[in-house]
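Visitor: The primary structure of each chain is shown beneath.
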Amino acid sequence: MKDIHEALERLFGVKTRRTLGRQSKESRYLSQPQTPAPQNPASNSSGSWGIQSDLRLLAEIEKYEQVAELMDTKVQSDRGWLKCLLGVGAWQLMCQPAESELSICQQQTQLLCARLYELISHLALEHNQNTATIISMTAAFEVAEKRKVINNPGKIETTESVNYLRWRASTASWSLSLRARAGSIELFLVPASDIMALSQAELPIRLKKRLELKKVEEHFVWTSDSLPVSAEELRVLMRIYFRDLVSATQDQEQPVQSSSAQMPSSDGGRQARSIELLLIERENLAQKVVIQQEEIQKRIARDLHDAVISDVMALKRSLSSDKELSSETLMPSLEGILRKLREICYDLSPRDLSDWGLATVVEDILDQTAQRSGIDCGLNCDIEIPMMPTAVLLHLYRIIQESINNAEKYAEPKRIVVTMEMENERFVVLVADDGKGFDSENPGEKSAKSGGYGMGSLKERADLIRCFYPTKLQINSSPGKGTRVRLEIDLPRFNS
Amino acid sequence: MSEEISVLILEDHQVTLDGLRFGLSQESDIRVLAATANSDEGLRLAQELHPQIILLDLHLPGTLGPKSMVKEFCELPESKVLVFSGESRLAFVQAVLSLGACGYLLKSESVTRVAEAIREIYGGKQPILSESLATGDTKLTKSEQEVLRMLARGMKYQDMAEERLTSPATVRKQCELLLLKLGLKTREELIAWAVQNGYGNLDTTT
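One line per chain: the protein sequences are D and Z, in this order. The numbering of the first sequence is my numbering, which starts it at 1 and goes up by one. The numbering of the second sequence is my numbering, which starts it at 1001 and goes up by one.
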């Protein structure tokens, strides 16, 4: 991490020697072609992205830019950051050092602006390695006039000039824009078409975050909604806003992609088509996840309602009756409630899985299934389950559980066998039953009940395991021939 | 027998702990060395005090999960482990016993039974199990009945595995589970039990 203090000092310590033509510098610097030539400071300063064409100031900007270019050759990636420092330096000149407290405020604001700029540039650099989404990063300062109605008898409108320090990161269609003045930093997400008129574009609804510098005892602390924010939180916030920026841009781009998909039989068209399909699939997956969450919540509510609330109510009734109840009569009902609660908890998060490992837990599912249904259930597992991330184990567990449930519910089998084994570096799980089966080639229409829902969620789980390891899921079944769910996970060699 | 059996208790449920402490203090041949609710603390105490028996709850606060905790305690050379838990599902009981625990009692047992089990384990008998685990609630599954039939017909593990399309190790495991369920000790006893209960009768194989 660069020491910003030091860099600032180094920048400000350089003496200026010459002055160059202003106008070209200015437009280049601010990347604002519409800014009129700054002949009249007063008219210009009221604009949104304007600049005070003070001779002294331009000289200073010139000076900073010289230094920046010198340093730039060495540290390419920090170009944007240096640009920001330029803006900071120029801004500092604008703010006359008055009372000490105000100047501390200014300094703190500058530092945080530079730091946030640094964060966002890193994110942009990282992101741009794959796609060139972020097309520009700029930093500048602005003198804006703020109309203010002072609450006096005559309601006289006065104007007050405010110095803003700004930077923004832009994609083709959106801009993440920061506006800062001493002691206050605001972040906006603005459509790129509006950035020419920033002061009008910075509507309250586009405000993402306001950070304020508060004095707590002897120290200044940055706060958000009056709560102090840590450096780590700021990092997370910037990450979130950056993601917002990127996703807002992608949302905008989507229609373009689908329209290009209408061009038939060209390579580009086909690619766009497959991209579109992938996007649709992703959407569907997200949709399914949401639906599943809803289902789960509904089930929790139902379980709690059916199993627990009714029992507790019954208990309450019997306790409030006149009859004295002995603990012997109460215990069984309490134990029942406890058992049901435990079952619900267990179903939500199988703690036993992390406690005892996959083999034991699967054996328990089979035990329970056998007890419940009388089906001959068996586990073949002569290996130590290889080390895998907890998330993978959980999906594995759910796949096995779901397969056993499906078999029990729909297949009417005599026997269910779960096999877990290693084939070289490949971990294989097989759940086989000898039930009535379904047509796995055409899992539509009639077999929808036996295949449909459950098998779909198996596929999703396997997709999620594929985020970790190459994974293959096969579901083989035909009417009368039973069902075989086979999952293969290729583990890296060092793992086994 | 004037010799005292030294016991370390790990239990995080205060009422249960109080009950155990009081109950065991009534037994002249048992001496509770220490008790703790934390598994890390318990391990330290066990290494320091060398108790003959460790009475162990399965779910305790501490850095170890139950499986690794049981394993750690069972690896102590001078102590024997008696697990005392509310967990009654057989897959887990079996997992605990396979880690080397000498006994498994359910929390529904009386202190007198705990004291008795401590004596039995001290005397070298194992595994000591709660009765309800051995015979009570659990009925035999179809696959276990199938195994019993094959045992009663005198089949070897290898042949049974072939017929059941599985591995000998799995069959052996199933037999161990059966021993557990039926409260038996050896394979011979199991075969005898299967024959006595009519599993050798060919008519029952349907």
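Don't take each hint at face value.
Stated by the list, open to error - Covered stretches of chain D, going by a simulated chain Z footprint (3 or more residues, C-beta under 8 Å): (1) 355 to 365; (2) 372 to 384.
To be verified - Calculated lysine-lysine pairs in the DSSO-like style (CA-CA distance at most 30 Å, straight line): (3) Z:Lys1185 to Z:Lys1142; (4) Z:Lys1156 to Z:Lys1142; (5) D:Lys298 to D:Lys288; (6) Z:Lys1142 to D:Lys340; (7) D:Lys481 to D:Lys298; (8) Z:Lys1125 to Z:Lys1173; (9) D:Lys436 to D:Lys409; (10) Z:Lys1173 to D:Lys409; (11) D:Lys472 to D:Lys288; (12) D:Lys288 to D:Lys436; (13) Z:Lys1071 to D:Lys316; (14) D:Lys414 to D:Lys340; (15) D:Lys414 to D:Lys316; (16) Z:Lys1173 to Z:Lys1071; (17) D:Lys481 to Z:Lys1142; (18) D:Lys436 to D:Lys414; (19) Z:Lys1185 to Z:Lys1071; (20) Z:Lys1173 to Z:Lys1156; (21) D:Lys472 to D:Lys409; (22) D:Lys436 to Z:Lys1107; (23) D:Lys414 to Z:Lys1071; (24) D:Lys323 to D:Lys414; (25) D:Lys340 to Z:Lys1067; (26) D:Lys481 to Z:Lys1173; (27) D:Lys340 to D:Lys288; (28) Z:Lys1185 to D:Lys340; (29) Z:Lys1142 to D:Lys409; (30) D:Lys298 to D:Lys323; (31) Z:Lys1185 to Z:Lys1125; (32) Z:Lys1107 to Z:Lys1156; (33) Z:Lys1142 to Z:Lys1107; (34) D:Lys298 to D:Lys340; (35) D:Lys215 to D:Lys409; (36) Z:Lys1107 to Z:Lys1071; (37) Z:Lys1156 to D:Lys414; (38) Z:Lys1107 to D:Lys414.
By construction, these hints were calculated from the structure, which means they are not laboratory data. C-beta atoms are modelled at their ideal positions from N, C-alpha and C, and glycine is treated no differently.
Visitor: Against each hint, give a clear statement of whether it holds in the structure.
Guide: Going down the list of hints, with the structure as the test:
| no. | hint | in the structure |
| --- | --- | --- |
| 1 | 355 to 365 | holds (count 7) |
| 2 | 372 to 384 | holds (count 9) |
| 3 | Z:Lys1185 to Z:Lys1142 | holds, 22 Å |
| 4 | Z:Lys1156 to Z:Lys1142 | holds, 19 Å |
| 5 | D:Lys298 to D:Lys288 | holds, 15 Å |
| 6 | Z:Lys1142 to D:Lys340 | holds, 26 Å |
| 7 | D:Lys481 to D:Lys298 | violated, 35 Å |
| 8 | Z:Lys1125 to Z:Lys1173 | holds, 21 Å |
| 9 | D:Lys436 to D:Lys409 | holds, 11 Å |
| 10 | Z:Lys1173 to D:Lys409 | holds, 27 Å |
| 11 | D:Lys472 to D:Lys288 | holds, 21 Å |
| 12 | D:Lys288 to D:Lys436 | holds, 28 Å |
| 13 | Z:Lys1071 to D:Lys316 | violated, 43 Å |
| 14 | D:Lys414 to D:Lys340 | holds, 28 Å |
| 15 | D:Lys414 to D:Lys316 | violated, 43 Å |
| 16 | Z:Lys1173 to Z:Lys1071 | holds, 19 Å |
| 17 | D:Lys481 to Z:Lys1142 | holds, 21 Å |
| 18 | D:Lys436 to D:Lys414 | holds, 10 Å |
| 19 | Z:Lys1185 to Z:Lys1071 | holds, 22 Å |
| 20 | Z:Lys1173 to Z:Lys1156 | holds, 14 Å |
| 21 | D:Lys472 to D:Lys409 | holds, 25 Å |
| 22 | D:Lys436 to Z:Lys1107 | violated, 43 Å |
| 23 | D:Lys414 to Z:Lys1071 | violated, 37 Å |
| 24 | D:Lys323 to D:Lys414 | violated, 50 Å |
| 25 | D:Lys340 to Z:Lys1067 | holds, 24 Å |
| 26 | D:Lys481 to Z:Lys1173 | holds, 29 Å |
| 27 | D:Lys340 to D:Lys288 | holds, 28 Å |
| 28 | Z:Lys1185 to D:Lys340 | violated, 34 Å |
| 29 | Z:Lys1142 to D:Lys409 | holds, 18 Å |
| 30 | D:Lys298 to D:Lys323 | violated, 37 Å |
| 31 | Z:Lys1185 to Z:Lys1125 | holds, 10 Å |
| 32 | Z:Lys1107 to Z:Lys1156 | violated, 37 Å |
| 33 | Z:Lys1142 to Z:Lys1107 | holds, 29 Å |
| 34 | D:Lys298 to D:Lys340 | holds, 17 Å |
| 35 | D:Lys215 to D:Lys409 | violated, 65 Å |
| 36 | Z:Lys1107 to Z:Lys1071 | holds, 21 Å |
| 37 | Z:Lys1156 to D:Lys414 | holds, 24 Å |
| 38 | Z:Lys1107 to D:Lys414 | violated, 35 Å |
Checked against the numbered hints above, the structure breaks hints 7, 13, 15, 22, 23, 24, 28, 30, 32, 35, 38 and satisfies the rest.
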